[in-house]
Structure formats: C-alpha cells, structure tokens
Amino acid sequence: MPANADATAGKIDFKRELACYSAPRGRFELITVPPLRYLMIDGHGDPNTASSYADALATLYPVAYRLKFASRSELGRDYTVPPLEALWWADDMAAFTAARDKSRWDWTAMIMIPDWLDAAAVAEARETVRRKAGAPAIDALRAETLAEDLVVQTLHIGPYDAEGPVLAALHDEFLPANGLGLTGRHHEIYLGDPRRSAPERLRTILRQPVVRTQNSRESGSSRPRSAS
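Each residue of the sequence shown is one higher than the last, beginning at 436 in our numbering.
Everything labelled a hint here was simulated from the structure, so no lab data went into it.
Mixed in with the good hints, there may be bad ones.
Stated by the list, open to error - The calculated label-pair distances, taken between Cβ atoms and stated as ranges, are:
hint, residue 1, residue 2, range
1, Glu509, Ala603, 39 to 49 Å
2, Thr618, Asp477, 29 to 39 Å
3, Thr580, Ala454, 47 to 57 Å
4, Glu452, Ala493, 26 to 36 Å
5, Glu562, Ala604, 21 to 31 Å
Just so you know, these numbers come straight off a predicted model, no measurement behind them.
For every residue, glycine included, the Cβ atom is placed at its ideal position computed from N, Cα and C.
Full structure from sequences and hints, please.
This is the structure in structure tokens:
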C-alpha cells in the first residue's frame, strides 16, 4: 500500500485482533501468548506517588503516538495505540499478594508496538519526541520483545487496590493445584482509563507467566488456549 493511501479503513485494533487482550472474569485461564514487541521504561516505587512513574507515562504515550502517525503516513498502515501495560515485581512477592507495599515495587511501564516498525522507526520517533515534547524519561526508553509463552490470566474489574485477594488465590491455590510454577514477572494490562472510569469499573487483565512442573507434565494437564 502506498504511503499516501487511505489507511483508515484498514485500521487495526490489537485488542480485537490478539486474543491475549481478552480474559475471563471470575476464573483463571491458561493460554499461550506470542512474542510481542514493546516500548518500555523501568522504575521503582509506588506508582501513585513516584514521579518516575508519571514521567514514564509522559514519555511512552508521545512516542507510541508518534510511531502510530508515522506508520499511517509513511507506511499506509494505521492502528489503534494499544493499552498501557506494566510488569511488576519485588524481592518479596508478598508485597503484591498480602502487604501490597507499593513502595517496594519495581516496575516496567510499556506499550505494545507492531512488529512492522523496526529499530530505525523507534529511533526516529524517540528523537522527534525528544525535540518537540521534552519527554522526561526519553533516555530511559527502549524497544524490546517480551516472550512470555505460557501464562495464566484473568479479568479483574474494580480498584487496583482490590487485586490482592485475586493474586493470592492465583499464587496459593490455582498454580499449585494445576502443577504450575511462577516464571517471569506479574503483568497487568489496563483496559480501563482511571482518569475516566470510576474505580469499581476499571478493567485490568492480571497475567502471570508460568511453567509446568514435573507433576503436571506426568499427569497430562489440559492444553492451553493459543492467544495469537
């Protein structure tokens, strides 16, 4: 398609195209996720109070939209910018499931980008945003492929602070009962906008990369759904 073609009719919404952007509410689902490429920025601390988290978002969105507009105008390929996502971890995972001590959290804020946008496109977008927007965390931004493969996920509807019991049930009940072990970092996909939605209506996919234990392999656990 030529760069000046009307790409609006073929606009891609990855939340509809990729099954990994949907999850059941009230139960855990085992799926396989394809490798996906992201804009990423790392940080530490409570996302509600850490200036580094606000700086990360103030950088990710301008670069993500610059890539979208460049893809539409230069490649004739338009898409909806995917939702904000984040990886979360701590030295003691009880900081997530029990204490919920956000000051101890490490995080990677990220937005998925299409695989047809190469390193040169990302570099151009980064430099354009640096010149025009003065994004505060631009030097910390990188593009990286995340390969999670086998994951368990569920849809949480409600405040972010109410996730603790769901994560405790995942770690303490579902994973042991199904012969699964933790691997990789806790992953959240924010389908709702906290600036526009009441806390009780926020929609968040809670995802955990997992690995099958020897017992699960021997017992022949159910096969995961492909989410590509």
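Consistency of the hints with the structure:
no., hint, in the structure
1, Glu509 with Ala603: 39 to 49 Å, "holds (47 Å)"
2, Thr618 with Asp477: 29 to 39 Å, "violated (19 Å)"
3, Thr580 with Ala454: 47 to 57 Å, "violated (19 Å)"
4, Glu452 with Ala493: 26 to 36 Å, "holds (28 Å)"
5, Glu562 with Ala604: 21 to 31 Å, "violated (45 Å)"
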